[in-house]
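Protein chains in written order, with this note's numbering: chain A, 1 to 424; chain B, 425 to 936.
Treat the hints with caution; some may be incorrect.
[Unchecked claim] Going by beta-carbon spacing under 8 Å, a handful of chain B positions derived as facing chain A:
hint : residue
1    : Phe608
2    : Ala611
3    : Met612
4    : Leu753
5    : Thr764
6    : Leu831
7    : Arg832
8    : Arg833
9    : Lys836
10   : Val839
11   : Arg924
12   : Thr935
Worth flagging that the hints you see were computed from the coordinates, not collected in a lab.
Quick reminder that beta carbons are idealized off the backbone N, C-alpha and C, glycines included.
Listed below, chain by chain, are the residues.
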Amino acid sequence: MNCVRKLLLARELSARPGVLRQLAPGLDLLRLQGSSCAQRFWPVPVRSHSKFTPAVKGDQEKDGESRDGSLVPLEELFDRACKGERNKAAFTRAVELFCQRDVRRRGHIEFIYAALQKMPQFGVERELDVYNKILDVFPKEVFVPRNFIQRMFNHYPRQQECGIHVLEQMENYGIMPDNQTKFLLLQIFGAKSHPVRKYQRLMYWFPKFKHVNPYPVPVPLPQEPIDLARISLQRIAADLSAKVTVYQMPLTDILDSGKEITQPHIVGIQSPDQQELLAHHNPDRPVFVEGPFPLWLKKTCVYYYVLRGELLPPGEKGEMLDSERNFYYPMHLDLDLDRGPWDDEEFDVDEAEEGPIFAMCMAGAGDQATLAKWILGLQQNNPILSQTPVVFHLAPGPRELLAASDSEPGEEEIPQSRRAQQEC
Amino acid sequence: MQIPEEYGGLGLSNTMYARLGEIISLDGSIAVTLAAHQAIGLKGILIAGTDEQKEKYLPKLASGEHVAAFCLTEPGSGSDAASIQTRATMSEDGKSFLLNGSKIWISNGGLADIFTVFARTEVVKDGVKTDKITAFIVERAFGGVTSGKPEDKLGIRGSNTCEVHFENTKVPVENVIGEVGGGFKVAMNILNSGRFSMGSASAGMIKKLIEMTAEYACTRKQFNKKLSDFGLIQEKFALMAQKAYVMESMAYLTAGMMDRPGVPDCSVEAAMVKVFSSEGAWICVSEALQILGGLGYMKDYPYERYLRDSRILLIFEGTNEILRMYIALTGMQYAGKILTGKIKEMKKGNISVAMEIFMNKFHDRMGRKVDLGLIGKGGVAHPSLDESSKKLEENVYYFGTTVEGLLRRFGKTIVDEQLVLKRVADVSINLYAMTAAISRASRSMSIGLRNHDHEVLLTNIFCTEAYFKNNYAMAELEKYAAENLDDSIKKVAQQVLEKRAYICSHPLDRTF
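All chains, full assembly: derive it from the sequences and hints.
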């Protein structure tokens, strides 16, 4: 069968030497539009050939013959449309250009594949209306099967695959399609086609997964360092009573002498439980400032520092409830009975003990001077810090708050613990 | 009123005091002012004071020249009374204490001249310095005592409730009630002794309400029928009558018990009376207001004032939640001691105890008949109360086995299982109420008081309802009971409190 098809194609090619471009799928479009729904067996090979013409065209490209193939002008199309700026407007302009170029939309499958590839470059991969515009490129009502035989055999499989690829890219980026998408797909492929089935599957699963994250990161992430710090500190602390305080706003000052002073921002968080723990902390023992630790929020990495105390030896912990604590009822029964083994719901949890954490902060710069300012700010509410020695265990990590760019983590270097006693 | 006659008081017994309380309670503010003065304000001096203190203060307090107040609550410690921050430091010469601190929500705070103040003092015991609570009698004349302006309250707006501040108030050592560091016992005794009168006070108020509401219900006509002909209204009246009857019975039974010679410890019964009466009063006043409909809501009628005044009953003198814990835990302590005693005996090898326990369990399985002496030939209760008595006996026996089962399951960690203890307390309160009602009805029948058949009806209704509720509560207390929803409740509470909000999505939310 294949050789027969190639013979016929060769006949076509020889018949029309210079108009090879028209051997694009647009040719079969003409015939389809002209013919009735009944598939004539004679033209079938030709029409099904046309679905193979992309391969043929690919061969042509490989031949190196500079035909007006589809992939090369597509690149140019995108480059021409963007005019240096890669954004949504440029992308939509490119798509419209393609649509206006040819009523029959020849080469639309290649165009759509190329467009799907180019979307990340233009930064529009998460825009639903761009996907709708891409789906709009498909000619409407052409690929809808019109009789039972067409329905039986995978009607226009390449186009259906292309539609499925568009929807798959939407699925990969987690974009929920909307009514417009549904109508487009129905118009283009008809009900019960593969893309429409995929759409139905998308619409079944995506609503179920929408709220599956109990701690979603806010979208879009704020760019302002103070807001970002506030959100990420609240995320780490996970305590609704914790209070976020801004100890220092970012400031860039130019002195009279021309020297520039930049003040990095310092945002700290502490909850009332932590305040109480710190108040009960023994001032003879030191507290440690450690950092920076990374926190990833989608594609942003922020760094935070921690004020920590050491684990107390078990002897110094806790106070027993004395019997005169409650005037109204006995809080402790003086009985010799213990909980029965069937009701004992305590699990044997092997907990890794660690010392109490007293506060956290995020700062624009990770050097000792900035963090010392943080400790000074903490002293307002925790006077015990003025008598406690503070030891700084700082890793030489990134010095600035990085917002949306990747950095090489400095923690790979051996952290040099700079010990410094600080008493104010 | 309860001050002995030698100091100028009336020297009333508890029963007479309860009777007077019925009448005073017709106005909430007056009742609260008087209660704050005598039931708690001067009770400390009365119970634990030395003779000199009594000589010095009681006459003026009895005549009403001086008003007393009870100062325990602070901004940071309401029910958690032992965490008070007011300090009393000994002066250098050892003759007086300097009092520093502030108290809030002190009834009669603005009028009072004598305060019973609780403060922390340093006590040296075996060389160890600890902070213990001490009770002091503080006169306003000592100086340094300031009171704030009267608080704007929901109800009992006639009584003066304000903050009291103490600044370096000099209190002579002679004014310590009890001993230094013994404030805990003094406080407990004071608090436990004033509660029973709430039963008769609430009962008096409800009786008055029944009269006023019945007047209205029998005259107002809607749909060409009098309100009193409608079933739902009749149900409300029955409820009010029943609750009033039971409250009275419980209060006077407790007062009678306390009046016996010696100093019987009726604190648990008093707590039960307080819980039942405060909740009963709140429900009954609400229903009475409901009978009047819109008129009950108007300020022109006294019902809304009664409603607001009775709301505080559930809160002061020990919140109902705290008292339920008290009732349950005191009972558990007593039961636990017996149980540990039996276990010890068994472990020692005493076979008779082991056999007894085994036979008891066997009989329980086989469905035993309980006979506690209330019914039958030598029965104490009147035969027309046979059914109610049988229900009471069954409940009591079943309650006993339930408590034993709980102690075996939880042991002393039952202190943390508040939902379990709440049910235990509810059952005990119902049992005590049933006992009081049955004994009073039986007495009425036997001596032929007027309308004793009405009393029998009330008792039977109440006992049937209480029997059902008790059975349900005890079924919930079984192990792996299907009715027990404690785990789900705790889980819901944990999820709501984690987010500190209602976490369900709105019914109109969409995902696509």
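Here's how the hints hold up against the structure:
no., hint, verdict
1, Phe608, "holds (4 Å)"
2, Ala611, "holds (5 Å)"
3, Met612, "holds (6 Å)"
4, Leu753, "holds (5 Å)"
5, Thr764, "holds (5 Å)"
6, Leu831, "holds (6 Å)"
7, Arg832, "holds (6 Å)"
8, Arg833, "holds (5 Å)"
9, Lys836, "holds (4 Å)"
10, Val839, "holds (6 Å)"
11, Arg924, "holds (5 Å)"
12, Thr935, "holds (4 Å)"
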